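The primary structure of each chain is shown beneath.
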Amino acid sequence: MFGYLRPFKDEMKIREYDLYKSVYCGLCRSMKKDYGLRSSLTLNYDCTVLAMLYMSLNNDSYCKEKGRCTVNPLKKCSICRSDSEAFAFAGAVSIIMTYYKLLDTIRDSGILKKAGAFFLRLFFRRSYKRARKSYPLIDQYTSEMMASQSEAEEGNAGIDKAADPTAGLISRICRMICPAGAFSAPAESFGYYVGRWIYLMDACDDLEKDIKKNSFNPFSSVYEGDIVKTMAYCNEVLNMTAAQIVMSYELFPVGQFREILDNIVYYGLSFQQKKYTEDRYADREAVK
Amino acid sequence: MNDPYRVLNISRNATDDEIKKAYREQAKKYHPDRYQNSPLADAASEKMKEINQAYDQIMSERKSGGGASDAYNTDYYTSDTYEGYNEFYSAIRRLINSNQYEEAEQRLNTVLPNERNAEWYYLKAVLFYRRGWLEDAYNYSGTACKLDPRNVEYKSFHERVTTQRSGAAGGYQPSSSSGCCDSFCDSLACLLCCDCLGDLICNQ
Chain A
2 MFGYLRPFKD
12 EMKIREYDLY
22 KSVYCGLCRS
32 MKKDYGLRSS
42 LTLNYDCTVL
52 AMLYMSLNND
62 SYCKEKGRCT
72 VNPLKKCSIC
82 RSDSEAFAFA
92 GAVSIIMTYY
102 KLLDTIRDSG
112 ILKKAGAFFL
122 RLFFRRSYKR
132 ARKSYPLIDQ
142 YTSEMMASQS
152 EAEEGNAGID
162 KAADPTAGLI
172 SRICRMICPA
182 GAFSAPAESF
192 GYYVGRWIYL
202 MDACDDLEKD
212 IKKNSFNPFS
222 SVYEGDIVKT
232 MAYCNEVLNM
242 TAAQIVMSYE
252 LFPVGQFREI
262 LDNIVYYGLS
272 FQQKKYTEDR
282 YADREAVK
Chain B
74 MNDPYRVLNI
84 SRNATDDEIK
94 KAYREQAKKY
104 HPDRYQNSPL
114 ADAASEKMKE
124 INQAYDQIMS
134 ERKSGGGASD
144 AYNTDYYTSD
154 TYEGYNEFYS
164 AIRRLINSNQ
174 YEEAEQRLNT
184 VLPNERNAEW
194 YYLKAVLFYR
204 RGWLEDAYNY
214 SGTACKLDPR
224 NVEYKSFHER
234 VTTQRSGAAG
244 GYQPSSSSGC
254 CDSFCDSLAC
264 LLCCDCLGDL
274 ICNQ
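Read top to bottom, the protein sequences are chains A and B.
Quick note on numbering: my numbering labels position 170 of the first sequence as 171, and the sequence is numbered without any gaps.
Quick note on numbering: my numbering labels position 121 of the second sequence as 194, and the sequence is numbered without any gaps.
Excised from the complex, chain B in its bound form:
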């Protein structure tokens, strides 16, 4: 097995707190929620397992008594947890989970336009997302949320992709023009070109 310290990317002299921190950072990175509906979910969960094992191993070595682990429990996340109300859509979800995208797509396309409900739009969004067609995924999941605003599954997925668009998960996040006296500082800077004075006045 891999060296658990290497897995967590820390030195052997790290304190317990440092280990905990490194573990939390890594666990956040590979958390299944982040890879929700992504074709990389399996690879990420492998990585998550590795991190959990590494953390458990280090902690039990250090405590020598063993003790219960604080590792995140990700067992709650299995792709089969959907309790479909509708056998038609449950079958499509199973197809998506076993990576049979074309078959799933074909079945979805048999639904007539006036019979398309929130779940239809959501599953369509998932299919687009897996293919990497992100704009369509975003638009369809938006429609799913509009049609059924109270559904937690659709909402969490749509929020995730909306966050991605903001640049918080990679890319460029435009600076929001907030702050007490932005424009005042700007005009001041024009006149004086002096950060210290600007700060002095603005922080009063």
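Chain A with its partners taken away, still in its complex shape:
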């Protein structure tokens, strides 16, 4: 999870934005409590969405209170509090995925990055162990996902196959947050396509870098020297995935956080796609 899943701020009401931020702060605080202060460094926007979805699907009550930022005590902020398991769960997902991502970096990267990732791994090791102990299933799913991911990359997989491991992982995580098997079909499908979308966004983001370094990227076979055209194609692939996200989302009984989640699905996906596939290359001419 890399933080691509975000609301589009321009279309939010101020109270919605405040609530969104308070969930972010609430997650940060809960991670500090459960897994130690350093674990808060792994916090990202995707896990904030996961926490909201968790509370929404389970109808868990929450409240907003004033407090101080965990990382910077000089800053005041409002913090979302809840008895829900949502924060502990989303926090564990964040830590476990970051940890595995570091393992992956150690395996794939050059010596300097390798060393950095190695120390970070040691740094997060304790938090990771605690998270793994509370949520062994998340750990198991993630390690399975990493295995099939490297298998797919070694086999130079196409777009669908390359995206499948991440998609499958998020799908399983979304199944875990459903109350006792209820609406698990739309949740699994929603998770699958969100995972796919995140993976493909990341692939778009890294495309130029990967081509330069000759590393695996599912879009590199499409690329024929023209980044603008390739990005238009990537956007089509993302659009088809986003359409499936919308279709699954609309079958959820989303209650709380509805406005924020609606914003993410109807505006956020679109805005992020535009940012990564179009705006970034706005100054480049299409090769004719």
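To be clear, the hints were calculated from the coordinates, so they are not data collected in a lab.
Among these hints, one or two may not hold up.
As the list claims (entries may be wrong) - Here chain A is said to cover these stretches of chain B; the calculated rule only asks that three of the stretch's residues, wherever they fall, bring their Cβ under 8 angstroms from a Cβ of chain A: (1) 97-108; (2) 197-210; (3) 237-246.
Computed from a predicted structure; not experimentally measured.
No residue lacks a Cβ here, since even glycine has one placed at the ideal position from N, Cα and C.
Fit chain B to the given chain A structure using the hints.
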């Protein structure tokens, strides 16, 4: 049963027209066509039933006389309507409809490459679509359409996924550069940076 007004997401004071509008919006959202070949088709049709019932209930309460409903009739859509010409492919369709994807896939793969026809590519596309392998679904349904351009079933499915790619159903739809004097307005904006004047001239 759920409160019908909540199902349609409207207030109790809504006028008949507002109800009709809300109903049409919801019905469009959960229409079976939209979920064609999707594993979520069942969940969507449940939702559609709920909406139809809610609409009928509100309308009959209001008219007190009952009266016929204007609700969309979705009965025409059943997954068994395929009249397969070929028993081999009909059997595979039945497998897909009962979610036995692996078995269906295995049987499809027994067809030799030179015997693969439009229906083979279409069913392959459906299988990919259900698994969430959207690119393969798009490519295979495209091939099915090329091999048999007059088949309505293949065409409607391929059009649906093509629409999804455009961003009309979610995601980002790049603005098409149309309009009478786009480039003129742009150059004008560079010079004057004034929307009102630009509009004034362009709308003449």
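Discussion item. Tell me whether the statement that chain A covers the region 237-246 of chain B is true, taking a Cβ distance below 8 angstroms and needing three residues at minimum.
Written reply: Per the Cβ count (9), the hint holds.
Worksheet item: Taking a Cβ-Cβ distance under 8 angstroms as contact, does the region 197-210 of chain B have three or more residues in contact with chain A?
Response: With 6 residues in contact (Cβ-Cβ under 8 angstroms with chain A), the coverage given for the region 197-210 of chain B holds.
Discussion item. Quick check: do three or more residues in the region 97-108 of chain B have a beta carbon closer than 8 angstroms to a beta carbon of chain A?
Written reply: holds (count 4)
In summary, the structure agrees with every hint in the numbered list given earlier.
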